Amino acid sequence: MDVFYSALEQVFRPDVLLIILGSSIYGIVIGAIPGLTATMGTALLVPITFFMDPIPAIGAIVSATTMAIFAGDIPGALLRIPGTPASAAYTDEAYQMREKGLVELALGTNVICSMIGGLVGVLVLVLAAPQIAEFSLMFSSYEYFWLAVLGLSCAIMVSRGSAIKSTLSLTIGLMLSMIGIDVVMGIKRFTFGDTELVGGISIIPTLIGMFAITEILRKIGELRELPPVPPVHVSRMMSGVGSSIWKYKGGITRSSLLGTMIGALPGAGADIAAWVSYAVSKKFSKTPEKYGTGHIEGIVSASSANNAALSGAYVPTLVFGIPGDTITAILIGVLLMKGITPGPMVFVMDAGLVNAIFMVFVLANIIMVPIGIGAVLMSRHVLGIPQAILFPIILLFCVIGAYAANNTLFDVWVMLVVGLVAYVLEENDFPLAPMILALILGPLIEENFMKSMIKADGNLLDFFSRPVSGTLGVVTLAIWAVLIVMSLRNRHRKQTADIPA
Amino acid sequence: MKINDALFGIVFVIVASAILITVQSFPTLPDQPYGPATFPTIIAIIMLLGGIALCISGYRERAHQPLIQIAAIMKTRDGLVRMASVPVFMVLYILLSKPVGFPIVVPVLLAAFLTITTRKWLLSVVIAVATTAALWLFFVDFLMVSLPLGILTKVIY
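Residue numbers (the numbering used here), protein chains in the order written: chain U, 1 to 501; chain Z, 1001 to 1157.
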């Protein structure tokens, strides 16, 4: 109980609450403006969290992303343009509701379902994470090695596009993580004689380059002004919401749990959770023919799933230090900078921190409702910000952000190079999620791999000698087998299709 | 900007080979064959194999995939100028912010960039000055980041 009160004390401080409120508003704006994603919003927050204590820093990221994922629904329903990729699954459905004059009902349902999904995700996190952490206290380097490799393998499996490109993206991340002092003997690796690189490649400029500069480059070429936003009435936002939610309560529960599980898979985030839940709910629906015509059932399911995924991603993040999505990959980077290494020991040594994170989640999901309703009412102003003004200012913010953490212009070069390379890679269907996951997990994988190799004296069979490590190892190898078979089959199918009849 | 897979493949093969050559000079642990080179070697081999696979698929697809295909937006003058402004802005900031100073360089750079995107120079200047002031207050006075004063150092101190 003491731990609970101490967590309460850490969260319910005026400065922390103010940061949560400020980040929530920031998250709403980022999420509502098409082109700015929740991951980009998080990357832009990192330089500021650098100057905060751990709890407010995590609070800022959690509340900003919770809001951003909901806020993505606003332009989706009003303008048929999803604010973030996580809302794309049901943008058409929500827009069809607007055509029927039910836009307020769609948005009201979005905000309440987002809250329910988020809270279910937190509940799973609160119940499961400490249990798994306790179990994993007996893990050795073998288990950690396999867990991290399993995480990266999942990231390849769930990413859209070819497995080869995902794997190559992963190897880039791993190679970047090896720059600097090595974990085995402490020698300098791949520093090209540059003193700035001895400490490794800085995480803040890399993140901003990967997620913000790429986005600016993609959007600035084709600047577009958004169409005018229709008026929204708050009174209509809440009437009928309760009955719709009650009617599809089963679907909400299923989607929230499914979303949490998908979120917990490394590499799969809120957008995949929304697509899968939408498809699953259509499959189980009594009226699947209504999907695509402005039917609330799909919206109810998918909008609870994407917020649930956000919380679900924190399960592997907090328990093993293995990020569940790109946002938690950034969060791990932030925690490491603050001297906290996520893992089961945090649950033992710093239970206050863990409980405070849980509390921040609950708080962020609850305040999402009033702030979300406010945002819908203000949507005309938020969506009215011209992109021609927005993107140059964001770029300036990126430059200062990259510079601020270490006060060095070298980091701005890092951001520029990473941004340009990541832009070209993404334009050619190389997914970025495996790269960022690998960058964060690289040192963990290498350290545990080398420890295991030295312990086993090079005998690879020892990697399978313990029950848990053996199971994890077999599962990982099975995933690789599936990946190889799938890519060979795809190639075969392509070749058969190419042969003219 | 679409680039044929084979070109990517060649780059990956070159990078992987360079890594494999570099790690040859790394030491190993006493009486053990492993050391700082072990992990990079494994990753470089995976990268090499992936690169070769891309070369093959890119070569097979050469009929449908040109070597380099510039995106439609980059072919329009305005689109290209706006996109090129992003790296140019960053490079100029890196080169000029220390010697000249943030409070002088940033409003000029930002106003120029905003003029390119909005085509309204007066509005751009006003926004650039206001944004610089706001960011200065936030980062320097609130977060205590020391942004370079450049030539203003002598004026102020």
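If you're looking for bench data, these hints aren't it; they were derived computationally from the structure. Be aware that one or more of the hints could be misleading.
Within a straight-line C-alpha distance of at most 25 Å, the following computed DSS-like cross-link-like pairs (lysine-lysine) qualify [stated by the list, open to error]:
(1) U:K282 with U:K247
(2) U:K100 with U:K290
(3) U:K219 with Z:K1120
(4) U:K219 with Z:K1002
(5) Z:K1154 with Z:K1120
(6) U:K219 with Z:K1075
(7) U:K247 with U:K283
In this text, all values refer to a predicted model and were calculated from it rather than measured experimentally.
Hints, one by one, checked against the model:
Distance hint between K282 of chain U and K247 of chain U is fulfilled; the C-alpha atoms sit about 15 Å from each other, no more than 25 Å. Annotation: proposed proximity of K100 of chain U to K290 of chain U holds, straight-line Cα distance about 13 Å (limit 25 Å). Our distance criterion of 25 Å between C-alpha atoms is met by K219 of chain U and K1120 of chain Z, whose separation comes to about 20 Å. Between K219 of chain U and K1002 of chain Z, the direct Cα distance comes to roughly 17 Å. Compliance with the 25 Å bound is thereby established for this hinted pair.
For the hint pairing K1154 of chain Z with K1120 of chain Z, the CA-to-CA distance comes to about 34 Å; that exceeds 25 Å, so the pair is violated. Simply put, K219 of chain U and K1075 of chain Z have alpha-carbon atoms about 15 Å apart, close enough for the 25 Å limit, and the pair holds. Taking the CA atoms of K247 of chain U and K283 of chain U, the gap is near 17 Å; set against the 25 Å cutoff, the hint holds.
Hint compliance for this structure: hint 5 is the single one not met.
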